[in-house]
Structures are given as structure tokens and as C-alpha cells.
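Q: So the chains spell out like this:
Number of protein chains: 2
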Amino acid sequence: MTARPLDQVLAHVDQSLDQSLDRLFALLRIASVSTDSAYAKDCAAAADWLVADLRTMGFEAAARDTGGHPAVVAKSAGGAGPHALFYGHYDVQPVDPLDQWETPPFEPRIATAPDGTKRIVARGASDDKGQVMTFVEACRSWKAVTGSLPVGITMLIEGEEESGSAHLFDFVKANRADLAADVALVCDTGMWDAGTPAITTSLRGIVVEEFKVVAANRDLHSGVYGGAAANPIHVLSRIVASLHGPDGRIAIPGFYEGVEDLPADILEDWKGLNLTAQDFLGPIGLSQPIGEKGRLLIEMVSSRPTCDVNGMWGGYTGEGGKTVIASEAWAKLTCRLVSKQDPVKVRDAFRAHVRAQLPADCKVEFFGSRGSAAISLPWDMPVLARARAALTDEWGRKAVTIGSGGSIPIVGAFKADLGLDSLLVGFALEDDRVHSPNEKYDLKSFHKGIRSWVRILDALAD
Amino acid sequence: MTARPLDQVLAHVDQSLDQSLDRLFALLRIASVSTDSAYAKDCAAAADWLVADLRTMGFEAAARDTGGHPAVVAKSAGGAGPHALFYGHYDVQPVDPLDQWETPPFEPRIATAPDGTKRIVARGASDDKGQVMTFVEACRSWKAVTGSLPVGITMLIEGEEESGSAHLFDFVKANRADLAADVALVCDTGMWDAGTPAITTSLRGIVVEEFKVVAANRDLHSGVYGGAAANPIHVLSRIVASLHGPDGRIAIPGFYEGVEDLPADILEDWKGLNLTAQDFLGPIGLSQPIGEKGRLLIEMVSSRPTCDVNGMWGGYTGEGGKTVIASEAWAKLTCRLVSKQDPVKVRDAFRAHVRAQLPADCKVEFFGSRGSAAISLPWDMPVLARARAALTDEWGRKAVTIGSGGSIPIVGAFKADLGLDSLLVGFALEDDRVHSPNEKYDLKSFHKGIRSWVRILDALAD
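Residue numbers (the numbering used here), protein chains in the order written: chain V, 1 to 462; chain X, 1 to 462.
So that you can see chain V by itself, here it is in the shape it has in the complex (with noise of 0.2 angstroms):
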């Protein structure tokens, strides 16, 4: 093993870092929207793009078909360490409402905060394009300065995230030799805080229902039958209160089966985050948390599973009144999933549930339910301690271990289809606006972003 220059690769990151935020633009520019068939040809254009720059940095770079938006495969040899496969998405979420912009979305700027802060505010800005080009700048600068890369990167860029990854699924079965890696790296996860760099190692799961309570077989007049007939919204609310208990805790049996406490070590640092009431429910105008007495908050939003109605409807729900006693009413319902809870267990353990709370006269159907595990990295994963040790080096600041309340379910096609643990690293912070009107990425995220996977790649090598 040859001793790389790391400092050097560092530097010609921060020397090249207009060049840089010039590609990044460049791609800003293209209304890469994929929920939307009008920009089908804008998706095409950013995976053609993204093939282009890749090539002139050495990589074997295609667009491949999928059926949907095409996706970006580029391969380089590396070193001698574990071969890496990364994952991002070249699409964007839809625009609207464009007139809460203050710029035109697809003409990126670079925007000054009262305090200072520079950012590049455009959509993409953050998710996912910023954060991509914070892997590929880095690619750039190891090969500009070594001529190689660290260990050798299969690049797997998406098009269609923001829709579901409605075919990357079936892409990454087919193409398994293709893609076959000794571990995945994505990049579409945030910091702790704007100081504190984290690696997320946990993905809620998520088991989603939904589901009808029928009584009567029509609707009824309340004056003639109220008093005698079932009222199907009154036992879906009984249903509903029926699911948490006064703890907090969710009251289906069953329910918390293959849930796992965290490692000792793992709960004393998130009790070090300090995460309050204040801080998190405050902005949303709300003080007090809801979940499991006894639970940090951190806990009850990452590595605790939840159950939500997402929406839920019966009778009349019209301007004015109807006295009518409904025939059904309607409820949809999210579970989010941990550790090891398996989501064909959950949904039946629900569906029981459910099925146990029904009074006579009264019928129960489920529809459309699909559900994923959650994903948890292994804590004795070898290469978290090195991204974790580059990051430090990086920020000034221990990286810190995470959970995702949220989902990521390609992260699940990558363990059961290709194998692979993921090290999910970014730089994305709460206040970017993904989604939003006026999304930006801080020009701190990305250049030290860039820094970061320079440092990262290193890592992987040793």
C-alpha cells in the first residue's frame, strides 16, 4: 500500500471549488422533474449530462433503460480496498407553487443569509443534485490529483426517486453482476446540525393500510334509526382510540414483537444530542410529545416504531349538515417499523386487532397494504468507524450515529438483492426547504461535503 496524498487531493478541492459549483449549476439548470411526463426529455438530459462529465473524469458511464427515466451507471477501478457502490437521484420534486419562489427554480444562485451564510438556492439545490455532486467533485479531485480512485465506484444515479423509484427496483434485480459491490454508499440524508456531521444507520420500515368499517347497508336517516342502528364512524373511532394506550404506547398485540432497545453506547450519545421538545415541536407550534413514556424524543422519531392515521372519512362531510348515520367510513393508516419487526406480522397483528374491536353488525376490509422492513446497519459495520473517523477529521466535531424516521426503500434492495450493508451519509440540513419553495443547500454543505467523501474514500482504502 502506497501512502495517499490526502492533503493534496484536499486542496485541489478547495481550489477548484468554482469549477465546481459551475457543473453543479449546469445541472441545476435542467427541470429534471419526474413525477411530471412533460419533463420526461429534461430527465433524459440530466442522465445524458451526468454520463458526459463522468466519461471526462475516466469513468465507463451509460444511460440505461429502466422502463421509466433512464439511470446513470458509471464504473472506475480503484485501489485495492472494498469495491463501493453509490447511490443518488438526478430527479427533482415538482416546483409548486411557483410563485412562492423568489427566483426562478431552474436558474440556481448563489443567495446571502442575514448572518452571512452563502447558499446555492435552486431546486435540486439539496435533494439530490448538490449532494450527488459532492460525491462526483470528490471522484474529480482523487482522480485529478493520483490519477485513480481510492477504491474502485460503481455510480448508480436514479431518475425517478421522487416517484418512488418506480423501476430501480426491477433494474437492480436484473443487473445484480452489474452492480456487485462490497458496500453501498448514499448520499440523501442530512447532518445532525449545520456543525455536526452524522451517518444515519437506521430506516424506519413501513406498513401501510387502508381500510373500511361498513354497518348498515345504506346511509340512514338519524331520526328515524339514531339510537338503534350501529354507527360505523363511531366504532372506526373506537378502532382508532383503540390503538395507543394511555403510555403512549401502541396497544396492538403483538405489535411491538422483534422491537430492540438501543446499545447502551448508542442511547448515551443521543441523550448527549439533547434533542427538546422546544427545539423540535416548537416550529410546529406543538410542545409536548406524544410516544412512549420514558423514551427520549429522539428515540420515539427514529428508533421507535409509530402508528398514524393519515387520513380518515365518513358521512357527511359537505357544507352545511346531514343527519344521517354513515353506511362505512374510511381510514388510512401508516405504521412505521424497527429493529426487526417483520411487516407481514405487523399488518396481521393490526388486522387482528381491528378485527377483535368490531361489534356484531359490523364488517371490516383492508386494501392496498405493501410494506417494507426497516433497515439497521450493523453498529460493528467495518467501514462506519472509518467514515466515522474521516468525518470527525472533516468537521472538527464526532460524527454522530442516527436514526432516519423516514424510509428509504431501495436501501432494502440493496441488502436483499445485491448483499450490501449502506453507509448513508449527507450533508443536507433541517432548514433546506426540500420539497419547498426556495430549497437550498448551504455552500458549506457542499464544499465540505466534497471534503468529506474526499476523506471517506481515503478511509475505505486503509
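Hint data in this document are derived by calculation from the structure and do not stem from the laboratory.
It cannot be assumed that every hint is accurate.
All copies of an identical chain are treated as equivalent in the list; a pair is satisfied when it fits inside any one copy or across any two copies.
[Unchecked claim] Below, simulated DSBU-like cross-link-like pairs (lysine-lysine); rule was C-alpha separation at most 35 angstroms, straight line: (1) Lys-322 x Lys-173; (2) Lys-345 x Lys-448; (3) Lys-143 x Lys-363; (4) Lys-75 x Lys-363; (5) Lys-398 x Lys-322; (6) Lys-363 x Lys-293; (7) Lys-212 x Lys-363; (8) Lys-212 x Lys-322; (9) Lys-212 x Lys-293; (10) Lys-322 x Lys-363; (11) Lys-143 x Lys-398.
Mind docking chain X on chain V? Use the hints.
A: Frame of chain V, contents of chain X only:
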């Protein structure tokens, strides 16, 4: 007193039934939904149609401004008997869910049931256009045969019954002299069964509430906030679940204040009617009365109070899924009142109960409350015996006196403001699907309803 040619008038009813139906169909074609302002013109058109029709019969008629939808007031002198104020309404309930109608709700038709029964199918066929037209057609036949009416009649046909008679109370107060009469006749109730006519001597009162529970100051991503942020749909569900106890009683403290048990003889009569769950609930697909344990089914639906959520909604209710925790959740609710329950006290007890269930961080707002007390007519009312005899003659079975589960608040105003007791006679049947898709009115109800009013008008004049 000259002998009145009752048989000739009844024969005229029989001979002109087709024309009577044509007129009813013309009225049914007008989409006079009063609760939705989009149908304001249709309400005015229905009033105008009635005015024009009544004028052809020699009534002095006008569509009168009430501040809301117009009320039709029409007058005709008659014989020497008591002057009668007839009340009905031309407005109808909304038609949703529209996809459950077998034919368009405002395209009336005659359908034949499997047992050969002919039915008029349309929104308003029973409630209340069909019922109103039984009285109008009875008057028409008296006029056609004798040139006059057995008793003087003032008709008051309003357009806001389904929206709580919002402006009629003030209208009655402001037009006392114009509406002066000796007795009120109301046609908005039902038969005991398809062969047994009924006079309704008590009506439940009503309290109407709409309210929303508010948690966060905006809709939240359930992946980010799920497990920590209060979910207003859960909170509302707990409130709704808390409205009833396992014994079927309403669990709002103070709710039963003023509720009285039936007189022993009436309770005995009602036991004799033997209203079974199979007969009453079977046709709507239910089998178990959900009211207070230990009460007769007929008590539950007529002499006991109720509390029903008529509509509830919150969060995402569209196609597919959205992982949102809503900011607010809504419900519409009605309580049916009996005996001496005070609507204001009941409303206040309800609101206090809701507030007592409300967790930290949640707010509740109440909208659009209105109410009316229950009404009991004097059992010894003079016209009651006459009407009962007339109905018994027409139907060949003794007319029964019953309590109605529904509310007709204006009947209270007739007593309070005009000094009138009301004779409530109607020909609706329990399976009329009032307020539901495919509302119908049996052709027999319409035909014998007209004949019944012909006889009652004759009996009143004796």
C-alpha cells in the same frame, strides 16, 4: 252545514292520479338542495313552481322572502270549520354518494319492487315533496268537485327544513297575523307500517354541532414527526369513542337531565306494537340495537335521546397514500333530545365533555350550533280523534299514535308563536330511504295519502 260529497271527491282523486303524478314529477325534477348554496336557484325554482301551481287552484300564493330560500305562503277560504295552517317543505337533502343511485336522483321514475309494489324513486319523493303534494292534490280535488275547500287553509311550504329551518323561525314571528289559524297540519312523518296509519304525537328535539380539533400549525411528514407529534385524528377519535359507554348510554356528564320515562299506559301500548330488531333493523342489514341496555327498541328510536356523528374527516382522503400527520380533524354531530332536555344545556355539556378529553397541545373550535327542544302534543287535542277516525276509515285499520325519532323544530314555533297545536300525519314508510340514495315513496302512500287528506279535511269541518 250542507252535506259534502266526500265520495265524489275521493273518486276524483282516483281518476286524476296520473295527472297528480305528472305534477309531483315536475316538482321532483327541480334539484332544490337547500344546504348547498350551488342549488339556490333550484330552491327558488321549486318555490316558484309551487306558487304557480297553487294559483291555478285559486290560492292566493306568493314566494316570500325569508332572508334565505323563499317560503311559499298560499291562502284559500273554505267552509265554516277551523282554519288550518298546513306545513311542509320543498327542499331536499344532498344526493351524495351519487354513485350509489341506480338512476339520477332528479329524474323521477316509477319502479316496481320484486313484490309488485310500485314506487316513486327520486330525491325528495318521500321527504318531503311527495308528502306535500298529497295535501296539495287533496285540496285540488275538493276544489275541482265542489269549487271550494271544507275548511279555510293557509299553506306554509318552506325551503330550508333540511338546513334547520334557518330563517323560518324569524319569518313565523314576523308574520303572525298572516299565518293565524286554529290548528296546524304537518305532513312530514310516517306510517306505523305499510298498512297502519299513524299520528305522531311527540317529536325529538335536536342539537347540531360541528367542531374541529387542531394540533400542529401545519400538516407534518409522518416519517419526520411520527411518534412525537399529536395526531388530531387520534384525538378526535378518542373524543368520539368517549361519547357512549359500554351500556349504550351517552357518557356526557349531565346529558340525561330532563329525560323522562314514558307514562305506563303508553309504554304498555308500545310493548303491544312489538317492534322487533328483525323487523326494524333486518331490512338495513343489521340485527343488534346499540341503544341503552334494558330499553325497548321503539324507545331507543323515539323516546330516548341520541348522540350521533354524522360526518368526520381529516388528513389525506384522496387516492393512494400520503404519509401525513394532519394539522386538524373535523366532525359534524347531532344529538336527538326528548322530554324536557334543554338544547343549550346539552350543547354546553357536550362542549365541556369535549374540552375535558382534550390533551395538551390540542385546541378545539365549535361551529354552527343550533338546537330545539323535543315536542309532545296533548293527547286530548280535539282534532286528534277526528283525524284518527278519518285515517281509520281510509286504511281499514286503527290509526295509532306514536312518537317520532326525528325533529321538526318549527312545530315548537307554531305552538310558541302562533298558539297552534300541530296534527302530524304522514305516509312515509321506514324503507323509504329518506336522506339516502334511491329514496322512494310508494305509489300507495301517495294515492292513499291524498285520499287520507281528503277525508281529514272533511272530518275537520264537521
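Q: With reference to the structure, classify each hint as holding or not holding.
A: Hints and how they fare:
no.: 1; hint: Lys-322 x Lys-173; result: between (51 angstroms within a copy, 26 angstroms between copies)
no.: 2; hint: Lys-345 x Lys-448; result: neither (42 angstroms within a copy, 61 angstroms between copies)
no.: 3; hint: Lys-143 x Lys-363; result: neither (60 angstroms within a copy, 54 angstroms between copies)
no.: 4; hint: Lys-75 x Lys-363; result: neither (51 angstroms within a copy, 52 angstroms between copies)
no.: 5; hint: Lys-398 x Lys-322; result: between (59 angstroms within a copy, 34 angstroms between copies)
no.: 6; hint: Lys-363 x Lys-293; result: both (34 angstroms within a copy, 22 angstroms between copies)
no.: 7; hint: Lys-212 x Lys-363; result: both (8 angstroms within a copy, 27 angstroms between copies)
no.: 8; hint: Lys-212 x Lys-322; result: both (21 angstroms within a copy, 17 angstroms between copies)
no.: 9; hint: Lys-212 x Lys-293; result: both (31 angstroms within a copy, 27 angstroms between copies)
no.: 10; hint: Lys-322 x Lys-363; result: both (24 angstroms within a copy, 25 angstroms between copies)
no.: 11; hint: Lys-143 x Lys-398; result: within (28 angstroms within a copy, 97 angstroms between copies)
The earlier numbered hints that this structure contradicts are 2, 3 and 4.
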